[in-house]
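Undergrad: Sequence:
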Amino acid sequence: MSEPTSFENQANNPLHGVKLLDMLNYLVENLGWEKMAELVNIRCFKDEPSVKSSLKFLRTTPWAREKVEIMYTNALKRKSK
Numbered sequence: 001m002s003e004p005t006s007f008e009n010q011a012n013n014p015l016h017g018v019k020l021l022d023m024l025n026y027l028v029e030n031l032g033w034e035k036m037a038e039l040v041n042i043r044c045f046k047d048e049p050s051v052k053s054s055l056k057f058l059r060t061t062p063w064a065r066e067k068v069e070i071m072y073t074n075a076l077k078r079k080s081k
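Quick note on numbering: our numbering labels position 6 of the sequence shown as 6, and the sequence is numbered without any gaps.
Note that these hints are calculated values from the structure, not bench results. Heads up, a few of these hints could be off.
What the hints assert, rightly or not - Lysine to aspartate or glutamate pairs mimicking EDC-like chemistry, simulated, CA-CA at most 20 Å apart:
(1) K81 <-> D47
(2) K67 <-> D47
(3) K67 <-> E29
(4) K67 <-> E34
(5) K19 <-> D47
(6) K56 <-> E66
(7) K79 <-> E38
(8) K81 <-> E48
(9) K77 <-> E66
(10) K35 <-> E48
(11) K81 <-> E69
(12) K79 <-> E69
(13) K52 <-> E66
(14) K19 <-> E29
(15) K52 <-> E34
From just these sequences and the hints, can you work out the full model?
TA: Here's what the structure looks like:
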C-alpha cells in the first residue's frame, strides 16, 4: 500500500481551507463569547470581545490560535454527533 499524498491528508483535515474568520464566526454563533473565554482564557474573548480584536490577536499569537483551532474542531465533532 502506498503512502497517502498530501492532498489526501488535507482532505481529512477539518481545518483545510477554513479561514480564521470563519472559525471565529462559527464559534461565536455556536458557543458564544462567554463559553469561548471559559475554554480559552484570553482577554480578547473576555473584555469587550469582537471578531476584529480576536483576529488581530490570534494572527500574531500561535499558541492561542492553536487552542482556537482545537476548540473549533471539537465544536464540529460535537455538532456532528
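Undergrad: Below or equal to 20 Å on CA atoms is what counts here, so check K56 against E66.
TA: The hint holds at about 14 Å.
Undergrad: Does E48 lie within 20 Å of K81 when you go C-alpha to C-alpha?
TA: 32 Å, violated
Undergrad: Keeping to a limit of 20 Å between CA atoms, is the pair of K81 and D47 held or broken?
TA: 32 Å, violated
Undergrad: Is the hinted pair K52 and E66 satisfied, with a Cα-Cα distance of at most 20 Å?
TA: 18 Å, holds
Undergrad: With a cut-off of 20 Å on the C-alpha distance, tell me whether K52 and E34 pass.
TA: With Cα atoms ~17 Å apart, K52 and E34 stay inside 20 Å; holds.
Undergrad: Run the distance test for K35 versus E48: straight-line Cα separation, threshold 20 Å.
TA: 14 Å, holds
Undergrad: Holds or violated: K19 and E29, Cα atoms, limit 20 Å.
TA: At roughly 16 Å apart (the allowed maximum being 20 Å), E29 and K19 satisfy the hint.
Undergrad: Against the 20 Å threshold, does the CA-CA distance of K67 and D47 hold or violate the hint?
TA: Given pair K67, D47 holds - Cα atoms ~18 Å apart, limit 20 Å.
Undergrad: Are the Cα positions of K67 and E29 separated by 20 Å at most?
TA: 18 Å, holds
Undergrad: What's the verdict on K19 and D47, does the C-alpha distance respect the 20 Å limit or exceed it?
TA: Measuring from Cα to Cα gives roughly 23 Å; hence the hint is violated.
Undergrad: Taking only the CA atoms, is the gap from K79 to E38 under or equal to 20 Å?
TA: Holds, at roughly 19 Å.
Undergrad: Is K81 within 20 Å of E69, Cα to Cα?
TA: Distance ~19 Å between K81 and E69 Cα, so the pair holds.
Checked against the numbered hints above, the structure breaks hints 1, 5 and 8 and satisfies the rest.
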